[in-house]
Amino acid sequence: MKTRREFHKLAVATAAGLVAPAVLGSRAFAQDKPIRVGASVSLTGPLASTKNGLIGYELWRDDVNAAGGLLGRKVELVIYDDQSSAANVPAIYSKLVDVDACDVLFSPYGANLSAPVMPFIKQRNLFMIGMFGLAGNDVAKHDKFFHSGPWGPNSGRDWARGFFDLAKAQGVKKIAIINADLEFSKNAAKGGAEVAKEYGMEIVFNQSYPPNTTDFSAIIRNINAGDPEAIFIASYPADSTAIIRGVKEIGISDKVKLFGGAMIGPQYGALLSSLGPELNGLVNSHTFVPEPTMQTPAIKGFFDRYTPIAVKQGVDPLGYYIPPFYYVAGQLAAAAIIGSKSVDPAKMAAFLHANTVDTIAGKIAFNEIGDWKDRRVLMVQLRGIKGNDLEQFRNPGHQVILDPPSLKTGELAAPYNKARTS
Amino acid sequence: MRKNSILFLAGIVIILALGFLLPWTIRNPFYFFVGYVVLQYVTIATGWNILGGYAGYINFGAAGFFGAGVYLAAFLYTTLGLPLPLCILSAAVLGAILGVLMGYLTLRIQGVYFAIATLGLVIVLETIVHNISALGGASGMAVYGPRPPGWSPGPSQYNFTVMLMIAVASVALARFVEISWIGRGLRAVRASEDAAECSGVPTLRLKLLACALSGAVLAAAGSPYPFYTSYVEPVTAFSLIIGLNAIAMPLIGGTKSWAGPVLGALLLASVQQIATVTISSELNILFVGLVLIAFVAFAPGGLADLFSRKQGRAKP
Amino acid sequence: MLSIDILLNAVVTGILLGSVYASLALGLGITFGILHIPNIAHPTLVIAGAFFVYTFGQWGFDPIFAALIGLAPFYILGVALYIFYSRVFERRGGANVLQSLTLFFGLSLVIEILLALSFGSELKSVSVSYIGSSLKLGLLTIPYRLLIPALLGPVMIAAVWLYLSRTNSGTAIRAVAHEERALSIAGLNPASVKQHAFGIATATAVVAGAALIMIGPVEPFAGRFQIGRVFAIVVLAGMGSIPGSLAIAIIIGVAEALVASYLNPSWAPGVAFAILLLGLAFRPQGLFGAAR
Amino acid sequence: MNDIVLSMKAVEKAFGAFRALGPVDLDLRPGERLGIIGPNGSGKTTLINCITGVYRPDKGSVHFEGRDISHIEAHKRARLGISRSFQIPRPFAGMTVLENLLVPLDYCHVDGSKEERARAVLTSVGLAGRISHPSESLSQLELRKLELARALVGNPKVLIADEAMAGLSGEEIDEVLSILFALNRSGVAVIMIEHIMHAVMRFSERIVCFETGRLIASGTSAEIAENPLVQKVYFGE
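Protein chains in written order, with numbering that gives the first Met the number 0: chain A, 0 to 421; chain B, 0 to 315; chain C, 0 to 291; chain D, 0 to 236.
Just to be clear, a hint being listed does not mean it is correct.
[What the hints assert, rightly or not] Quick list of simulated restraints, FRET-style, between CB atoms:
1. Pro291(A) with Leu67(C): 49 to 55 Å
2. Ala127(D) with Val12(B): 39 to 45 Å
3. Leu282(B) with Arg123(A): 29 to 35 Å
4. Gly386(A) with Ala133(B): 45 to 51 Å
5. Leu239(B) with Gln122(A): 53 to 59 Å
6. Gly10(B) with Gly67(A): 54 to 60 Å
7. Ser4(B) with Ile75(C): 52 to 58 Å
8. Gly386(A) with Leu282(B): 34 to 40 Å
9. His35(C) with Ala127(D): 39 to 45 Å
10. Leu70(A) with Ser117(C): 42 to 48 Å
Worth flagging that the hints you see were computed from the coordinates, not collected in a lab. We treat Cβ as the ideally placed atom computed from N, Cα and C, and that holds for glycine.
Excised from the complex, chain A in its bound form (with noise of 0.2 Å):
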């Protein structure tokens, strides 16, 4: 029985360590009391491409502690690394509420690492911003959860149908479709699938595939054999690009009008300039492009000072897909602070439900489950893609918008093959 002295020593030395950050957190919170942010960010693991928005973060805060804080008081970020596992998210979420003392909450990012907090904060009643997470509330139906993406209401079904909006107004009768073994994509292709039907086309092919799949040679002659006018993919940025390529080594048919829908990875720098000239054609959702409609000084003063930190991190310089949303949600928490006066959850979402609130990313309304009123995914197809250079996708043009109408800057090119090559 050597080893049960042994045993005590490392209990105590263990909760010693976990008690260390505790005592150190409460001190730090007593001295000048900080509007404390607390949130989970995937510094690593496969979802490490979207660690991107801690930089949206960071710049809410530092803006907000320029103008003097709020309510007088500064704004502090706790920040944990949930390497993209939910198995991370429940201790780190309790750390920020128990221990450190977080008044306002963001999500963590998309619906797989969202829904184990759900009930958490249900339960315990707390204010939260979603970070990207389709249909995260849906099943909660927590009121004091709100949205920063802007995925609408019904978004695990809706969120994609400007792509079917545009497929009925060429007349598209038949859609293939296919989606990666992954959550998004898969719940993108079951809500593209429901939309098919209500408009009456045809699904003449759905299928997924595994994570990691580099040849697509053969789903694409079985697509092919099915005769689509439109194909609707949800893939991941792996896949996009093999997808893409296959394309252009098997052919594809001239019926097909429109090709993409929700391919993860042509938002991205990355995936930009390594593709380049052959992603011309491709209709694709996204949730910000420099197009005239959506320009405003606030949102480039945003790039202005993101570009150049991005580059010296080295994560995607463009930063179109997720960094203004991150931005965005400091700012729905600080509207609810100052509209409310107060960081008590039930005020702040009280405010947040009544009143429409101006971001960089234009104005915002929720619904009761913290919805955007209004879906705002965009449409947009890329055009006019010549070399491998990522400074053009800054200018307007080259991901024109298609959908919503609102919004629209240009018309849909079609069909895909001449689109492709033109």
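Fit chains B, C and D to the supplied structure of chain A, relying on the hints for placement.
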């Protein structure tokens, strides 16, 4: 031997009593979230060691058994509404069946093939889960756990106590295996399979038994997980980090006795939990990898061995 | 949907992919198949090779040329790995499987993280003129992206096989695992023969890495998805049978392509392991190896 | 029919195209001391493996006390009373000397206290002073003794000593021989496989010689020493 057993039993009683009392004395739920994870790894390391440590059969697929437990419990609870203890029990039975199946397919040949086959178990099971819509596939499955009973102040505390009971049961099982004829036979298998067989040890049956027990404990370790995260999806349920920790923890603690994996898990899981809320980066996994290499290379007996050697030297 | 061109193309794609799998497995065929060292870090070394090729690609080198440059440094890396491995275990009089598996497991983690730290965890790919176009032969459409790596595989395999079977130092490698004593009687140092073999095995990783990154983008953790395949190939080929491994790799490639075409691509990852498990259960000595 | 304890009838074993053994017929009387000689690769070890159950013979059968055991597993044969020591000692590393003996005692049914039995056997082979030492710390001779002690602790009826004296000095060989003689006096049949010719000649009542998998000669020590076939095998033309 008897005196040790009484001490062990007393330890169990004290730890279980603490498991029921602490939730009422420590108000901060955070420690129960962290404690749950640490205890989950104590169970995983203990379960892995029954086969890996005692019999010397390395299982890279701990995450497969764990994930199977996670999904079975989630499925039984959400669709059939089975009570938690039955979910845990069913998961253990499934783990045992999987263990026997794996063992039956590969144990008649050298251990290295068993190890390779277990690598595949994770991928095969993950592929299956992806393709079963009743399990939610890649979109995962929301699980709203049972309301905690009166003896526990909240869900995180309840999960903690449940996990503690599983961990204690697993350690007790591992200790029983270790000090009984099963353990002696397994150690003989580990040292020399032929010699063991020729000494009358039914090596195949013993290994299958170890596979079953190990699988059962690993799957049981996963069964409360759906209630801890309220949500299961294949990537985390079959996460590599589980397979990694399952090997690293016993190896660091020492594989010869039940105390090794417990020690290794308490240490490594605590360090990881602290790292998650302090330094946090890829360095975390890098650290585990380096520690693993260092222990294999320089201290194959693990911490337990280092301690006993040091104490042995101190004695003149 | 069951048209002849889909079937034909699926089979051809499968053969091409299988050929690439064979080059991934070649190094393991030497370390595990011949030397009996369970180097589960091999797929990760392949990924490291892919990143090497990627780095040179950034400077304008063709992937195949970059792979040739990489042979020497990877050979040295392999020798260093073997020296570390033998230092660790020979002090204890031979390695036990558990410990060497764990050592290589830890090693692969370390390599992965080092790659992630130095290249980031995003996908990296090479751009060459022939990527994106394809060869059309009647009903067949074969992307060069697949064709060229698939031709690279058999060339390398043939070279290694000829080396092992026709040269003295190659024969020494094949002998070292069984006849260590005989080898030292013949005046050869078994340790240096093993170092050499490990070096060659690791050098094949850079060529396999080039093949992999030509087919599609690669990220630091991509090696994990290959572990099953490469072990399935080496084990089912009958440990150390190099022509056998090419045949098994093609069988696995075709099986995966057919499953993807006719069943559902989402079942494809399980194919290699299902074949491996069945193989281990019913013919543990491998399909191309003699009974032991 | 109790004058034959172990009998092999037309046993054959091949590995691929290589026929390692047989066909071989061989009987063993209870309490007999049988020596098996033959050059390396002559099939001696394959023969033992067929008797102990490590291999299943391709053809032919093995009978023990009148019962066909060709298809039962090695550990069951051990429990029936066929015991062996290994050419290269295989102690259960990580266990003490005493524990090494407790393994067979756990699985073979022996009356009385296991620990007392183990201590008695260890004393009889001269390892009494090493009972609680780890088995890795033993000397070569002690390992040989441990190997024998582990083989005989379960009260076997047949003990197969596979080169139990290889690498030992003259005095050490005598020590091992005396252990085997003592064991044989208690009624255990002993099969000795050995290259050390003077030892096997001294020990065996009957010697058989193997060459390329076949039994080529059988007889007393003196007969074998005179046998031209055996001489040819050992001394060439």
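Hints and how they fare:
Here the CB-CB span from Pro291(A) to Leu67(C) is close to 51 Å, well matched to the stated 49 to 55 Å. Remark: the range hint 39 to 45 Å for Ala127(D) to Val12(B) is upheld by a beta-carbon distance near 41 Å. Distance hint check for Leu282(B) and Arg123(A): the Cβ-Cβ separation is about 32 Å, which falls inside the suggested range of 29 to 35 Å. For Gly386(A) and Ala133(B), the Cβ-Cβ distance of about 49 Å falls inside the hinted range of 45 to 51 Å, so the restraint holds.
Checked against the hint of 53 to 59 Å, the pair Leu239(B) and Gln122(A) fails, with Cβ atoms roughly 31 Å apart. For Gly10(B) paired with Gly67(A), a C-beta distance near 57 Å keeps the hint of 54 to 60 Å intact. Take Ser4(B) and Ile75(C): their Cβ atoms lie about 55 Å apart, and the range 52 to 58 Å holds. Taking the beta carbon of each, Gly386(A) and Leu282(B) are about 38 Å apart, inside 34 to 40 Å as hinted.
Under the hint 39 to 45 Å, the C-beta atoms of His35(C) and Ala127(D), about 40 Å apart, fit the expected range. Take Leu70(A) and Ser117(C): their Cβ atoms lie about 44 Å apart, and the range 42 to 48 Å holds.
Checked against the numbered hints given earlier, this structure breaks only hint 5.
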